[in-house]
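Protein sequences, first through last, are from chains A and B. All the letters of the first sequence, read from the start, carry residue numbers 1 to 729 under my numbering. All the letters of the second sequence, read from the start, carry residue numbers 1 to 368 under my numbering.
Please keep in mind that the hints were generated in silico from the structure rather than gathered at the bench. A portion of the hints provided could be inaccurate.
Claimed, not checked - PhoX-like mimics (lysine-lysine), calculated; alpha carbons at most 20 Å apart, straight line:
| # | chain 1 | residue 1 | chain 2 | residue 2 |
| --- | --- | --- | --- | --- |
| 1 | A | 544 | A | 529 |
| 2 | B | 136 | A | 10 |
| 3 | B | 182 | A | 10 |
| 4 | A | 694 | A | 723 |
| 5 | A | 10 | B | 132 |
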Amino acid sequence: MTVPGVSNRKRLLVMLILFSLVFTGLIGRLGYIQLVWGRELQEKATGQWTRDLAVYPKRGMIKDRNGNILAQSGSSETIAARPSQIEDPKGVASLLAPILELDMDELYEKLADKKSSFVWVKRQVSREVANEVRVLGIKGIDFTEEPKRYYPNRELASHVLGFTMKYAEGEDGLKGQEGIELYYDKYLKGLPGKIIMETDARGREMPDNVDRYIPPIDGLNIELTIDQVIQHFFEKAVDDAMEKYNAKKVYAIGMDPKTGEILAMANRPNFDPNDPPRELGYDGMQDYVKNFLAKDSMDPGSTFKVVTTAAALDSGIMTLNNTFNCSGYRELEGSERIRCHKAGGHGHQTFAEAVENSCNPAFVDMALALGKGKFYDYIEAFGFGQKTGIDINGEAQGIVIPREAVKNLDLARIGFGQSISVTPLQLITATAAAINGGNLMRPYLAKTLTESKIDPVTGQEYTEVVKEIEPQRIRQVISEATSRNVGKILQGVVENGSGSNAYIPGYRVGGKTGTAQKYGEDGKIVQGKHIASFVGFAPADDPKIIVLFAVDEPQVAVDFGSVVAAPYVQMILKDTLPYLGVEPIFDEETEELNTLVEVPDLMGKELAEGYAILDELGLNYLSESSGTVIKDQLPKPGAKVKINTTVLLYAQQQSTEDSIVEQEEAEEGKVLVPDVIKRSIRESNNILVSQGLKLRIEGSGIAIEQNPPAGSQVDLGTEVTVKFAMPEE
Amino acid sequence: MKKKPMDYPIFITTIILVCFGIVMVFSSSFYMAQHNERIQDSYYFLKTQSQWAVVGLVAMIIMSNFSYWRLKKYANIMLIVIIGLLVALLIFGKPINNAKRWFVIAGISIQPSEIAKFGLIIYLSASISRNKDRLKRPITGFGYYLAITGLIFVLIFKQPNLSTASSIVMLALVILFVGGAKILHLGALAGLGISGIVLLLQNVDHTDYRVKRYLTFLDPWADPLDDGFQVIQSLYALGSGGLFGMGLGQSRQKFLFLPYAETDFIFAIIGEELGFVGGSLVMVLFLILIWRGIRIALTAPDLFGCLLATGITAAIGIQTVINIAVVTSSMPATGLPLPFISAGGSSLAFFMASIGLLLNISKYCETT
Numbered sequence: 001m002t003v004p005g006v007s008n009r010k011r012l013l014v015m016l017i018l019f020s021l022v023f024t025g026l027i028g029r030l031g032y033i034q035l036v037w038g039r040e041l042q043e044k045a046t047g048q049w050t051r052d053l054a055v056y057p058k059r060g061m062i063k064d065r066n067g068n069i070l071a072q073s074g075s076s077e078t079i080a081a082r083p084s085q086i087e088d089p090k091g092v093a094s095l096l097a098p099i100l101e102l103d104m105d106e107l108y109e110k111l112a113d114k115k116s117s118f119v120w121v122k123r124q125v126s127r128e129v130a131n132e133v134r135v136l137g138i139k140g141i142d143f144t145e146e147p148k149r150y151y152p153n154r155e156l157a158s159h160v161l162g163f164t165m166k167y168a169e170g171e172d173g174l175k176g177q178e179g180i181e182l183y184y185d186k187y188l189k190g191l192p193g194k195i196i197m198e199t200d201a202r203g204r205e206m207p208d209n210v211d212r213y214i215p216p217i218d219g220l221n222i223e224l225t226i227d228q229v230i231q232h233f234f235e236k237a238v239d240d241a242m243e244k245y246n247a248k249k250v251y252a253i254g255m256d257p258k259t260g261e262i263l264a265m266a267n268r269p270n271f272d273p274n275d276p277p278r279e280l281g282y283d284g285m286q287d288y289v290k291n292f293l294a295k296d297s298m299d300p301g302s303t304f305k306v307v308t309t310a311a312a313l314d315s316g317i318m319t320l321n322n323t324f325n326c327s328g329y330r331e332l333e334g335s336e337r338i339r340c341h342k343a344g345g346h347g348h349q350t351f352a353e354a355v356e357n358s359c360n361p362a363f364v365d366m367a368l369a370l371g372k373g374k375f376y377d378y379i380e381a382f383g384f385g386q387k388t389g390i391d392i393n394g395e396a397q398g399i400v401i402p403r404e405a406v407k408n409l410d411l412a413r414i415g416f417g418q419s420i421s422v423t424p425l426q427l428i429t430a431t432a433a434a435i436n437g438g439n440l441m442r443p444y445l446a447k448t449l450t451e452s453k454i455d456p457v458t459g460q461e462y463t464e465v466v467k468e469i470e471p472q473r474i475r476q477v478i479s480e481a482t483s484r485n486v487g488k489i490l491q492g493v494v495e496n497g498s499g500s501n502a503y504i505p506g507y508r509v510g511g512k513t514g515t516a517q518k519y520g521e522d523g524k525i526v527q528g529k530h531i532a533s534f535v536g537f538a539p540a541d542d543p544k545i546i547v548l549f550a551v552d553e554p555q556v557a558v559d560f561g562s563v564v565a566a567p568y569v570q571m572i573l574k575d576t577l578p579y580l581g582v583e584p585i586f587d588e589e590t591e592e593l594n595t596l597v598e599v600p601d602l603m604g605k606e607l608a609e610g611y612a613i614l615d616e617l618g619l620n621y622l623s624e625s626s627g628t629v630i631k632d633q634l635p636k637p638g639a640k641v642k643i644n645t646t647v648l649l650y651a652q653q654q655s656t657e658d659s660i661v662e663q664e665e666a667e668e669g670k671v672l673v674p675d676v677i678k679r680s681i682r683e684s685n686n687i688l689v690s691q692g693l694k695l696r697i698e699g700s701g702i703a704i705e706q707n708p709p710a711g712s713q714v715d716l717g718t719e720v721t722v723k724f725a726m727p728e729e
Numbered sequence: 001m002k003k004k005p006m007d008y009p010i011f012i013t014t015i016i017l018v019c020f021g022i023v024m025v026f027s028s029s030f031y032m033a034q035h036n037e038r039i040q041d042s043y044y045f046l047k048t049q050s051q052w053a054v055v056g057l058v059a060m061i062i063m064s065n066f067s068y069w070r071l072k073k074y075a076n077i078m079l080i081v082i083i084g085l086l087v088a089l090l091i092f093g094k095p096i097n098n099a100k101r102w103f104v105i106a107g108i109s110i111q112p113s114e115i116a117k118f119g120l121i122i123y124l125s126a127s128i129s130r131n132k133d134r135l136k137r138p139i140t141g142f143g144y145y146l147a148i149t150g151l152i153f154v155l156i157f158k159q160p161n162l163s164t165a166s167s168i169v170m171l172a173l174v175i176l177f178v179g180g181a182k183i184l185h186l187g188a189l190a191g192l193g194i195s196g197i198v199l200l201l202q203n204v205d206h207t208d209y210r211v212k213r214y215l216t217f218l219d220p221w222a223d224p225l226d227d228g229f230q231v232i233q234s235l236y237a238l239g240s241g242g243l244f245g246m247g248l249g250q251s252r253q254k255f256l257f258l259p260y261a262e263t264d265f266i267f268a269i270i271g272e273e274l275g276f277v278g279g280s281l282v283m284v285l286f287l288i289l290i291w292r293g294i295r296i297a298l299t300a301p302d303l304f305g306c307l308l309a310t311g312i313t314a315a316i317g318i319q320t321v322i323n324i325a326v327v328t329s330s331m332p333a334t335g336l337p338l339p340f341i342s343a344g345g346s347s348l349a350f351f352m353a354s355i356g357l358l359l360n361i362s363k364y365c366e367t368t
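Just chain B, same shape as in the assembly (with noise of 0.2 Å):
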């Protein structure tokens, strides 16, 4: 197959993305490592995110530079690798918060979901890809494939992890979805979500401070001491940034009101910092990643990987939106980072690598 020269628009979009992400973690981070008597450190985020970043870059350069199809061929192995690792890290991990999330070796934490989401990923569409009706099949193909996401699910939520398990199980549907599933079955699976939710609320006591949390980001000053707090900082982030913002480096929301401001929340001090000007054309970028990757899904040599274009612009679209309906108080409070900009290691490694398989995918791909 002939090759032609990857998709730069891709690659621009992604540097700027995460060059930008180690300005903002720095900027957002360097008063809280400054007090935080672990740290004290006011650069500490901004090395541990170079050093990632450069990672990355490498991660992504390999992975854009090999026959993408071979991955087909380590697919299975891959699941069980993965079923193996999450099974372990409940089995053998070390609670850090009262949760089994990482596997700290050397002194570097990995987060195992991380491995899985992308695992499944190539999983999923070498498996649909080397037989397509497979797929068409109740149970066998679509039941199986349910099966699979739902084991990997389950291994995740009980780390606890619901957001990341959450997520993994969007992303598998847009998998599936694109890979050809019946509506017929896919609209059952919604019917049984559906009438599932509605059971779930009318049974749920809705006094039970679960169910409480879960709904404080309709009002978050019901509880602004405890549930609604995080988002009423990040609000009030976003509502000091106005239409420019306070200007790179002035967020007041940095100085310890906003927790997690350097991870989950980087997207409220973007807000304050940059305005409502900054925080849309981050966004833009993002949607830039996701029409760029959906392109090269709908012209991809073959189905492996098309769908695998799929499931990873799946990924960074699905993460990216529920991270900053968190932070704009549109939905209930989860933990994720926003893709390629939020500190924390190895998310920005595994990240930047599918980066580097798209563009690989895109090398192939047909000319319009």
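Bound conformation, chain A alone (with noise of 0.2 Å):
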């Protein structure tokens, strides 16, 4: 037996301490791993021990002044799927094509394709339809809410509101696309919050995950300038004009002159947000959902004769006592001439005269009498070649010559409102500047920012004002004399001149007619092509509001916009002025240039007998009717209106017991809601303003349903709902 020598202990014990050092060595990088790395190491570790799942927040809500609801978001399904769970695609793809009304073969081919670990199979699915899918538990198909967008007025000021977009493939949540939707992005979406759950490593979730969530903050609202009513009127307008002279397009923009305050903006062509038409392609869609009053430029044409004149008043150059004369023409040095509209000229006027006959050499006159220094700082102080600042994205500046450029021939012209480029926005920004004191207010469609919020006591939903926006002064450009001169100028422009057209018996309204010239893609004039505009402003010595309103290539003969556009601002003020509260006034002023007639009382006669009456006196009549016997009028007995104003009759069943309840009622300040069914928005609104209440529309066409009903007892200033509906055939 051979027994181990002294060279193989030595050996061993060599062996021992080999072993002891390696040891000692793996020892020392464990505690490395586990108390030095250890926590950079657990902090990666745990990022892939939990699955985030986010939730989205409420995109706010956007409202008109009033408070009514002119986007909301609601939410709708999704159906996703994982193709690496799904086990027999074909079976899986047959079963959901007919419900979801897919193609069969392509959807198998997106669920059989078990590279990709998730794929939308459909998205805006309604809750019933997901329901059908989900009762049939198939594994790997999976659901999830996604927000979706309403507008409840569809094309209503769509070109305002914009519309949104779905982010890319796999991410969630809206994105505003145009407009407010837009330009207000950041507050409207609001912060995602999340869910954070534990999970394996294939995602599955943990035996006792208890599921961590984090809720999302929901978007701010925003309360526009906007009001729905007179946007309403805007659109019925704009509607119209399109319609009457197969126009190209047709724009109109009503603001607070005051204030910059946008009431309303509306284009045509135009397009429902619920469903932009997303089908053109981004160039192709332009045409329709594209914000031409900021967007776009236009030679003003006439109606920048108001910056001209405002100009060369105020400057002290010229003064209401200066004249003109005018032969049909100007002749320029280099013997280029000017032509005047009027083919023979309009003679020997006063400066009022020249404006209200828009004659083109008196302004080539102001012009050239201001000089290019002068006149060039009031058109840049009245904001021209510079965006006016409204919270609309990628509006345009429009062209001004620059000052160094500029020839003698091109500043006479600019007097006129040609070679110069500007947006509508501009034009009405600045008009609004020239007649309401002086100031050039920014404009703007945000009036507040709200957050909706819930009582934690009540559990009662309230909105807190987060920030309010308020109207904002750029500069002084004119005194506040020269511009109470060219508002009382631009009143005659109306009733004298070539505004008659927007003339409103009992209002002062003032304004200015335009007729542009196009240019072609070659930069010259297309003949017989043009865009008819008129900017008005009501009342003149305190202006509530300013319109204008663009007809672009109107198909007439006589495409005048004292023609073609003044006759719409009118309409647009008629029903605007009493829903702002402002009463016509007859006073002395507008007898000398009307013939007016006393309104008679009516009170108390049977319907017939009152129609008669008011033929006779040649009045025209509206009534309200629920009985033949007349209880109140407008305007009340006495009043002195013009030939052909309208007299609203409100009839009642006659009841004694009834008439001594209602002047009971009356006493109380409270009123009877009339009916206002199967009456157009314009008409609900006449009749309603005139009982001192408001109107709250919904929908569009003629009225099918209302709230509080005909009849019943409410305090002046109640605001009725009116469901409006379009006629079926």
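Reassemble the complex: the two chains are provided individually, in unrelated frames, and hints are given to aid placement.
Set out below in structure tokens:
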């Protein structure tokens, strides 16, 4: 038997020492990993142990200035699939395709793609359809809720509101794409929350997982300066003009001239933000979704003469006593002739008459008298060539020939609104400055940012104002005195001159017509194509609203702004002024201009008798009747009105009891709600306003439902909600 | 020869390790086993590991209760048998995961390389102890043993199973070293080996993916999804453990994040659940085994017993070191289980049987 020797034993000791050393090293390494590096490693590990599910916040509402909802968010469901978990893609495809109305082969291809971990099956599915799929309980089919944006008034103010789009696939949430939705996206969208759950490596929830929920923060609501009712009036007017003149585009804008608040903004052609015409592609869509009022510039034409007038008077270069001679043209040095629109000329005119006649030579004189330096100072002060600063993305700034490059001929043309390019928004903002006391205001759409909150005690929802956007005066452009004079002159334009089509009895309306040239792509004037426009405001001495209305390429023989656009401004003002609480005033000034008749007292008379009396006096009538006896009328007896004015008669069933009750109620300052069923929006508004009530519009068309119902007794100023719908054929 | 009681520290340490292993195998495998479509039984690995532990215990008792030197007589036959088994495996074996490593007999899978490992220990110990001087001869002695070892290396390498093959070579070298091989020969071999490695490193294409794989352990985040994945997950587990661990059963990494959590990477789960304290204690237990094993080799009554004890101890030590080095990203990833602890039936039984043999020798040791 061989016995282990000394050398064997020595070597065994070497072996023991080596193992001990290696073990010591490994324990050191283990200690380093666990104790020194551990924190960092654990952080990384934690990241893979949990899965975050984003919870999307509710996008804020957009409301009009009175709190009517213009855009709100709901949610729809989306069906997604995890192809790696689907066992029988063919079977699943054949099961789902008919329910979801999808092509079976395409769906199969999606589901059979084992390489992708996640695919959308169908987005924006109604809850009912989603539930149909849900009950099938197919493994690998997932459901998520997706936000959807609703615009309850469809086309109403679509260009102001804009629209939203979905984020790229794999993300959720809505992104503003145009209008207010885009400009205030970061306020509207809110902050996403998340559900954090512990999962295994495959993403399966852990057996004892407790979800941690970080709630999303909903987006802020935005209240606009837009008034839904006024917007309706505008929409109706532009629709009418579009149809009547078969025009290329029609646009109108209404603004509070003293604050710059935009009350209404309408463009044609338009679109339904619930379903924007995406199929046209980005460029094709622009024809429908672009807000031309802020993003397109045009030759202003004669409407620009307001600026020239204001500049000439404010600079002191001219006074109201200046006179002009018009021989039908003005010849500038270099034998360039500028013709007046009136062939034989206007002859001798006062300053005011020249404006009323919109006489081109007179404005050439003004521009040249001002000279480049002064005229350009005013043009710039009125905001031309600069953005107005309105809350719309991609606002255009128009084109003004650079001061250094401008020649006398250009200056003369600018005097009457050519050789300068402005946006309709710039034009109305500048005109507002000319008549509001001389202040250039920043036009704006968003008035208030609010946050919807829930009272923790009562559980009731309430809103809290986060930010109030105040009117912003950019600068004083002309003196208050000049502004007053400009207002007076422009009132003359409507009462005596080219703007007579905008005249409304009992109101001091001021305004200026415009018929602008159009330029082709070669920069040359296109014959026979014009933009007919009118800018009007009322009351002239204390303007509450200013309206710009433009018809691009009206298809009529006489396409002057005075003929084409002015009547629509009149129509809008006629609707809007009473709504804004501006009562017609019939005083000496207006009396001189019109044959006035006194409104007879018809109360207590039979309806038919009332009609006859009004007919005789040459007055129109509109009756609101649930009976035959006239109970009330507007205007009230004794008021002096112009011929053809509409007198509103309110008739009711004769009954002594009723009349007593009614009288008692009336003493309490209450009114009876009139019946507006089957009336148009405009008629409804007239009827309700005449009773001291307010109209809240839902839908469009003719009235089919109202709340409170006709005959209810309500406080003055109560809002009556009327549902309108298109009449069925 | 007079019999003494067996070496109790080794026996107790082994039992502790095996029992602890069963607990850890269950802890690290139950979620995986439940969600594995072919198994779907949380207790599957607990059951198989327990069964093999019983088999191992029986083998241990048998192997500790005969006169160990009788093995000497069968050494040559054993060598022929293991070479035959390995060759047969290469020819008849059915590949599992592209490797022919197992013979499946009646539903039980046995790794012939496990048998080869212990067979070679017995063969080398017997052959060297028969003629102590033979080992000093360069060709017929040292060279011959190297050739035998090389042949087994090649046969296992062909399966392919580089890690087991390499560990067997290391093991053989330890036996040759302790058995009395000339330092000159060992030095020459080491020189040859080092120059071979240097030559290899110089000629190797570093962009070759196989080479990159061997180097990922230096920076596993360079390739976090493929080769670095296991190692990163292993480090995450250890890092999450800290000093005292997340508590027994509280591992997060075992929820399918860490692959092979119940076998090759079980030490990472131990580190995660029991922390640095638990991991170090396990390593100390292995060190106790090594120390007692070497002590038996030192006091063995004959050279055969001495070398046998050396081989068995080296086998346990080398495999432990490699496993822990891989788990701690200290060397290239290879697939060697942790002795006594990792799930993997036959390996546990063979290690327990070899402990039985060690206890057997301890009964004949000289008192010191």
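Exercise. If you check each hint against the structure, which ones fail?
Worked result: 1
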